[in-house]
Structure formats: structure tokens, C-alpha cells
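> Chains as they are written, first to last, in our numbering: chain A, 1 to 380; chain B, 1001 to 1289; chain C, 2001 to 2153.
Because the hints were derived from the structure by calculation, they are not lab data. Owing to the predicted nature of the structure, the values given are computational and were not obtained by experimental measurement. Beta carbons: idealized from backbone N, C-alpha and C, even for Gly. Take these hints with a grain of salt, some might be off.
[What the hints assert, rightly or not] The following label-pair restraints were derived from C-beta to C-beta distances:
#, chain 1, residue 1, chain 2, residue 2, range
1, B, Gly1237, C, Leu2145, 50 to 56 Å
2, B, Pro1116, A, Val289, 36 to 42 Å
3, A, Gly316, B, Pro1116, 33 to 39 Å
4, A, Gly317, B, Ser1028, 31 to 37 Å
5, B, Glu1164, C, Arg2142, 19 to 25 Å
6, B, Ile1224, A, Glu97, 40 to 46 Å
7, B, Asn1147, A, Gly316, 49 to 55 Å
8, A, Pro114, C, Leu2145, 55 to 61 Å
9, A, Ala103, C, Leu2145, 47 to 53 Å
10, B, Ser1030, A, Gly343, 43 to 49 Å
11, C, Glu2150, A, Lys34, 48 to 54 Å
12, B, Gly1102, A, Val289, 34 to 40 Å
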Amino acid sequence: MHDADSIVVERQDFAGLFEILRSLGYAVVGPTVKDQAIVYDQLSQVDDLPIGWTDEQEAGHYRLRRRNDAALFGYAVGPHSWKKFLHPPRLRLFQAERSEDGAMVFKQEPVEAPKYAFLGVRSCEAHAIAIQDRVFLEGAVADPTYRERRIGALLIAVNCGFPSSTCFCHSMKTGPGISQNTKVDIELTELLDDEGHRFVFQARSQKGQTIVDRLPARRTTRGDLDAAEALVAEATETMTRELNAEGVRDLLYANLEHPRWDEVADRCLTCANCTMVCPTCFCTTVEDVTDITGDHAERWRRWDSCFTLDFSHMPGGSSRQTSKSRYRQWLTHKLATWHDQFGTSGCVGCGRCISWCPVGIDLTEEIQVMGQSTQGVPSS
Amino acid sequence: MFMKIGSDLRPSSIQPDPMCPDVHHVMSISQETSDIYTLKLQPTERREAVRFAPGQFNMLYAFGVGECAISISGDPTVNNVTEHTIRRVGLVTGTLGSVRAGDSIGVRGPFGTPWPMDQARGRDVLLIAGGIGMAPLRPVIMDVLANRENYKELTILSGSRDPEGILFADELLTWKKQPGVDSKVTVDHADSRWNGNVGVVTTLVNRTVKDPKDTIAFVCGPEIMMRYAVTELQKNGLGKDQIYLSLERNMKCAIGLCGHCQFGSEFICRDGPVFRYDRIEFWLNQREL
Amino acid sequence: MTHSRYPELSEHAFFAGLDNAAVAAIQSCARDCHYATGNWIARQGAPADDLYFIQDGRVAVVFPAPQRELTIQTLSAGDIVGWSWLMPPHEWQFDIKAVKDCSMMGIDGRSLRAKCEQDHHLGYALMKRLSRVMVDRLQATRLQLMDVYENRK
């Protein structure tokens, strides 16, 4: 949360942020309305933001609604997450040429790393980025594309004032407010009350400081800080969904054969929507292509999902044949094995998988049911 | 002051891309059984010597077709030559099987955890192989034979579907003649022309273990066979910490980033393929993992 | 302690835990047998009167199929073979063939059966040991049936 160093930028001066970012060579990406949803895309001006829009979400339900004000960040989260910029959905890995004598040459792909400023990062999303940092940067081998893009990226985070009904970040301790140890460059809070439409800015890194210093601003008052705090407090209050993050790992390990998995499998379409919208899901597959001569080949990486049958393909057949085993893999990975692999949960409580599930499967409900009828003694 | 962003990362200079293969030259291709062949490879341009430890694998790339994870079956004491014993099971392994000496293929690796040869020092070494599972154990045999004084008895138990499918059949006979080495071969299916053992490889475990407290077992084969092998080894007095298995799952990246090879908490490519049994016991007993 | 012609019998894992009287009872029905490679030890359908302890060599349990003889499993030193004498109709269910010169200790199943009827303590001890061998054999056969080296497509 903000402290005494924070400053206030009035709504009419907010466009200045875009100019500063552009002058520093950043491509600004952030929320905008497209295809009846708030998505993340390149922004050229303040007017590209979803001014006056909010999102209404429920299990299997997402609709845009008009707000009765002109808030810039008055929504929760949409189907996109920042991973589409840091971990591109499609990426060429290399090209290969074969000459007439059968010799082969590989051409390493240069890492393409645009310098992005992410405007409007939610606290849950900053946590999701930190989780992907662990996956892509902190293992034995780092992902070169993620690495370069991540180094260049500027995170401008916005405290969340309007969680949707599918949100449960409070349970996962990832929001709605941005905590001191969340890695972002700038923290801001949008205030829209009797005192006017304004933004509390707080630099959270050296990089962020140089930007905040250039904004036309005034010092914060006690009233600004109280209002910012109240916004997050109210947001926390409105969250109704819950997940027992403490015990969920052991609960899942003790219930890998719980009958509930069959029940979920009856509803699950294995459509992979949840993995595509999840801000931490990182799995990829590769595709090999050749041109018509057969002497030029390319290898592409693209996002993959553990919900496909092909994902676990082995010579004797897929190791996860049933949708039950694939749903179990996804949920168990997200909430349990992720802890063993990366020392953190793979879930940030953003609720996307609930809203974008075509049949409205709600992981918080599944975990609750299993908790009430646990089949085994949870052990570690 | 401020939190550091992105774990103190600074832009990297151009580094070799872990996903881009190196060109390897095919020195030879030889047919082992009707559907198994061995490729002998040499890097065409590489600065440092290519070394591997028994149990590790490479990603082999067939031009324009794809890549697959293949364990190294050659001699670990020889640098810059890698052998891969491959079963034709799909498009990539089929294409690789049609290369000729002098052709090029792409190679990434070596990857993965090796068999713990240090744990085997001074002990009886028991190898249990099923089918193509013999391939990643062959470097162990070569290592033991090259450093005979470091190990006690070496016993090789090898199971195949039928007599025609016995991998490294000639070598098994040669190895058996070495001092301190015993090898037993069995097949699942045979007619009366075969006068060797018939029965699953796990039936050979009984009466093979002489000193259970001082034996280490390395097992590689189909997962079901490995589960039975573990049971037999435990019946014969081996502890969970004396049994190592090499596991297999679909792999795309081999560096722990693509998510495909997850086996519960483990990434087979990064944390395996060789695991001590007690580490993966819980997951090995789950279905459809 | 009874003097025994078959001291190795009491050391066989199969007899571990049996009291001396029981071992002696079994030994009293024992005899040495030798079969050269290629010889038949038993044929399917013939009266089954023997339980064999293989001491050396190898035998095959063969299913006599019309076109060819299928070997179901082989057994070697330390293994036992033959339990058809236990249950009616007391006939061999498979052929048994020596595939490598074989030394075995044969036990007369009919006498043993009679002893077990008289002495249920002995009968139970023997049955417990035999059923364990049978279960192991059944498990191995099940694994064999799975054809684990074959590619399922």
C-alpha cells in the first residue's frame, strides 16, 4: 500500500503517463474493450482504456456492463493475462536448412524482446508473473525469450477495487491490494469520489521512480491515503468465494481417487479454456514444419494444455486417457504439486478458470466438496 | 529501498539457445532386432568434448519431422561419440531409422539425472531390464567393466517379449564371460525351440540377490514391469533406498519448461529420468498419471 | 533328529519354519530323479503323483497346442514344479519337459496326500507354502499376459 512518498495525479494529467512511457521507448500494453471483453492489447492513448466499463462474472459467465462513472480501471480481470506478452502463444524456436549433400544447418532464433510497459497489472497478476518467474527463470535453464522480455518489462500495478464474484485472491493471499513485497515498478490506486477523479502513484522500483518523478503531481493528503486503503478494504469485503489454501495440497494428495473427480469429469469438456486463461499455466508443445522443397524446416513452440489427449502421448498411448485424469492433473498441479516444484501455489485466485469454463466448473467448489468428504487422512 | 525486479536480471549476451540442436554426423546405423536399431553419432562442430553419464538422454531431431527423447546406450568412457538404441514406435523414430551413415541429424543434450554410480561403488550391482529398457543400462555395464575394481558382482537380468526381441543378445553372452558378471535372459513368449528361460523378468530376481544389504538395483523397462520388479526386490530384502528406476513420459523441451513430462511433483526430464524408488513411490502407485 | 538322505531339503526355503517331524514326514516320500535334456517329465492328462524340487537344470511347462508347443514358463534350481497331485482329478494340466539336464528331488504326492489327511497340522503347513508358490506363479502369469513389451496402438 501507499506511504507518505506517494503522489497524486489528477485524471486530466493521466495522459502524461503515456507520453513519459513512450519517450522512454516503452510499448504500452493494457486493458481495452474488444470483442465484448476487456482484453490486453497495445494502447496508444488514455481513451483506449475501458473507460466506464466493468465486467460481470459468474461461473461460466462474463459480460461487460456500463458503470455509472468514468473509471479507467473499474473492472476485475478479463480473459487475457500478461503471459501472452512475456510467454508468447506462438514462437519460432529455430530454422534448419538441409543442403543437397544431406548436411544440416541450424539457425538459432534471435530473441525478440519488445520493451513493454504493462499498465493495469492487478495484484493477483503481479503474483502470477512472480510465479512464472520461478518457472522460467529460477530453474536450471532459463527460457531466453521470457528472460529478455521480463527484464525489459515495466509493471504498473493498479490496486483492485472491483473484484468479480469469481475472485478469491484474498484466500490465496495475492490481493486485492498490492503488498510491499509484491514485485512491481509502480503501484497506483484509482480514486473517484467527492474529492475528484485522481490516481495515487507510488514508485516501487528505481525504474518506477524515474517515471513517477516526471508526472505532474501533488503530494498525497491523509484523505487520499485513507480513501485508497478503504477501496482495497471494501474490495476484500466483497469477495465471497474462498479456498482453504493452507490445507489444499495435503487434501488433494489424500484424495487422488475421490469419487468427486468422476463427477467433475462428467461435466468437464476438456476444452482447455481454463489453462489458456490461467495467468500461470505455462505448458507448451512444439510443431515442426517444412516448406514445399522439404529443405527448409522450422520448429515452433505454442501454448499447450494438459487437457488434450496428446499432451501425455507415449508410444503405448496417452498416460492420461480419461478426462478425469486430465482434470485431476490440472487441479493437482495448480494447487498441490506446484508447491513441491516451485515452492509456491500455482493459483493466484484470479477466478478466470471459473468464469471462462463453458460449463462453469468452479475449483473452489470442488475443493470444498472434497474437504467435506475427504477419503484419506491428509498427510504430507 | 525498492524490491529488485525479475530476480536481478541483466540482459544476457547471446547465449546458446537450449532449444536449438547441434548438428551430429551419423557414423553408423545398425539393426539390433526387427524394430530396434542403434545410431552412432558424432558432433560436427562443438567446442568442448561431449560427455555423458550412464542413464542420461538426448533429444534427437529428425529434419522437419520432430524430436524425441532417447537414452544414450553407448560407452560413457568414450568422448564425442554417442550411441542411441531406438525402437521404431512413431514418425520420428521411424524417420531416424531410415538415416544412413554420413547423414546429419540434430541433437540436444545430454539431459537428465544419471544412474548413481557412486552409490554402486563397492556393492553388488543388479540390473533389471525389460525390452528397450536395456538401452540406458548398457552404459552402466560398460562403466562397471571399465572400472571393475570399484564394484562387486554385476548381475544383468534381461526380459524380452520373445527370443527374436532380445536386445544386445551377443553382448550379453560376452559380458557373462567376464569375471564377476552374471547375466540371465528370459522371454515372455516362446515355443519349444527355445530352451532358455520363459517367464517375466521379475521371476529371475528370486535367488539372484545374494547380499541384500550390500546390493544396489537399477531397473528400466515398462512401468508395470518396474512395479513388479520393485516388489520382488523388496521381497528379497532390498530397501527402498537401494532401488533406482528410470521413468518415461512425453517430453518436448527436456529442460523442465514445457510441462509435458510431469509425474506428480516430478519433472521426468529435470528431476529424472533416474529416480530413487522412495522418491517416486507415491506417484508410481497412482493411476493415469 | 532324524537322519536324512536329503539334508538339503530342510534347508530349502520352502521348508523354512516347518518342524523336524514334518520335514521327516516329507523326506520319507522323497527320491532322486534325473532327466536328460529333451525328456518329458510329465504329459498333460497323465496321472499326477509327483511334486518336484528342482536342484539343477531347467524344466519347461509346456502347453501342447495342435500346431506347436507353447512354453508357458520355465523353472530352474530352487523352484518347485507339480501340484496337480493335490486336487482331483489328480492329472497333469500341462506337459513338463527337461530343457536342460535336470536333477530333481521327487516327492510321492499320493503318500504325501495321505499324510496330510492324517495330520492336518502338516497338511495346513504344506498347503500354506504351496499356495504361496501358486499365487506367485499366478501373478507372474498375469504380468506375462499383459504383454508389456508390445506396442499398444
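> Check the structure against each numbered hint from earlier and tell me which ones fail, lowest number first.
Violated hints: 1, 3, 7, 12; rest satisfied.
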